[in-house]
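Using the sequences plus the hints, can you model the full thing?
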Amino acid sequence: MSGSSSVAAMKKVVQQLQLEAGFNCVKVSQAAADLKQFCLQNAQHDPLLTGASSSTNPFRPQKVCSFL
Amino acid sequence: MATEALHENETLASLKSEAENLKGKLEEERAKLHDVELHQVAERVEALGQFVMKTRRTLKGHGNKVLCMDWCKDKRRIVSSSQDGKVIVWDSFTTNKEHAVTMPCTWVMACAYAPSGCAIACGGLDNKCSVYPLTFDKNENMAAKKKSVAMHTNYLSACSFTNSDMQGCDKKAMVWDMRSGQCVQAFETHESDINSVRYYPSGDAFASGSDDATCRLYDLRADREVAIYSKESIIFGASSVDFSLSGRLLFAGYNDYTINVWDVLKGSRVSILFGHENRVSTLRVSPDGTAFCSGSWDHTLRVWA
Chain S
1 MSGSSSVAAM KKVVQQLQLE AGFNCVKVSQ AAADLKQFCL QNAQHDPLLT
51 GASSSTNPFR PQKVCSFL
Chain C
1 MATEALHENE TLASLKSEAE NLKGKLEEER AKLHDVELHQ VAERVEALGQ
51 FVMKTRRTLK GHGNKVLCMD WCKDKRRIVS SSQDGKVIVW DSFTTNKEHA
101 VTMPCTWVMA CAYAPSGCAI ACGGLDNKCS VYPLTFDKNE NMAAKKKSVA
151 MHTNYLSACS FTNSDMQGCD KKAMVWDMRS GQCVQAFETH ESDINSVRYY
201 PSGDAFASGS DDATCRLYDL RADREVAIYS KESIIFGASS VDFSLSGRLL
251 FAGYNDYTIN VWDVLKGSRV SILFGHENRV STLRVSPDGT AFCSGSWDHT
301 LRVWA
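Line by line, the protein sequences are chains S and C. The opening residue of the first sequence carries number 1 in this note's numbering; numbering runs sequentially from there. The opening residue of the second sequence carries number 1 in this note's numbering; numbering runs sequentially from there.
Hints in this document: simulated from the structure, not taken from any laboratory. Mixed in with the good hints there might be a few duds.
As the list claims (entries may be wrong) - Pairs of lysine-lysine, DSS-like flavour, derived with a Cα cap of 25 Å: (1) S:Lys11 - C:Lys25; (2) C:Lys60 - C:Lys75; (3) S:Lys11 - C:Lys172; (4) C:Lys16 - S:Lys11; (5) C:Lys60 - C:Lys73; (6) S:Lys11 - C:Lys171; (7) C:Lys231 - C:Lys54; (8) C:Lys23 - S:Lys12; (9) S:Lys36 - C:Lys266; (10) S:Lys12 - C:Lys54; (11) C:Lys171 - S:Lys12; (12) C:Lys32 - S:Lys36; (13) C:Lys32 - C:Lys172; (14) S:Lys12 - C:Lys86; (15) C:Lys16 - S:Lys12; (16) S:Lys27 - C:Lys86; (17) C:Lys231 - S:Lys36; (18) C:Lys54 - S:Lys27; (19) C:Lys73 - C:Lys86; (20) S:Lys27 - C:Lys75; (21) C:Lys54 - C:Lys23; (22) C:Lys23 - C:Lys266; (23) C:Lys266 - S:Lys27; (24) C:Lys231 - C:Lys171; (25) S:Lys11 - C:Lys60; (26) S:Lys27 - C:Lys23; (27) C:Lys75 - C:Lys86.
Only a predicted model underlies this, so the values are computations on that prediction, with no experimental measurement involved.
Rendered as structure tokens:
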């Protein structure tokens, strides 16, 4: 009978759950507010979000200049 | 001896009931803190405008499915690996191939660029993670300089030069403490295999993409799932996800050949990108956030901006 090994495995599961139960959680409203804050603060520095102009984005085609 | 067995059974039973109690307690605690949804908090945030994102570069050269890719810190070089057994380093500005290494096995499922830009790591069905120093000297045989850094008991599915703290395995996403080797948090809300996980730029959350056709956002401090990105019309699994620099956009590559762009805060889809002719298998935003690259089973990589 592998009794002792399943007891040992079960002990690990209980230890893991005790670890997770002792975790100090933050309220979702607080965590969500922080995520929103981070997004808004960094929005200007996000080229894909702001749609950076051709002059600064190396991948976008340069606007062609023509001499009149 | 009989008493020993009896004692063990009692201990097992009592441990099981303790585990059930703890699980119940955890659920209760988590539910108490769930006072609001992320999109409700984001209601007043300005909606995002129209996005014009197109394929700006197509990298052709692999002979089979592209399985993995990574950007170099110089924001222009890309390393990609394929089922054809080749690992190629590209200059994404010019689409030139700078290096190509043939691995001894096919299905090179993982590759990564070293932060220094001087080496790449890759591996797959050979169960090894090998590091190749990159050299521009044409006379040097890159394959000869390779170093094996890890032997696994099964195939290598992902490798990264920085502390990869997460693992998406079956339906669970687990966060590990690299120093103690312990799992500190576990999340199990997906209904199917998780294919990709990526940290939110602030490090306080992470997103996951799964075969259940949804992407989800988990906040590490609230210790729970805070958003689901899904649509009834999306029925194929998400294979890879990545955030834009500010974390406002989530790019996800799907098995239906498309890439969906999600507004992380509001939970809505901002854009859907077409172009690949087969499953999107890998997706990464460039280090400076000016573009993102997707690799597909259609043998190509596309750089979008």
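Let me make sure I understand: some of the numbered hints might not hold for this structure. Which ones are they, in numerical order?
10, 14, 16, 18, 20, 21, 22 and 25
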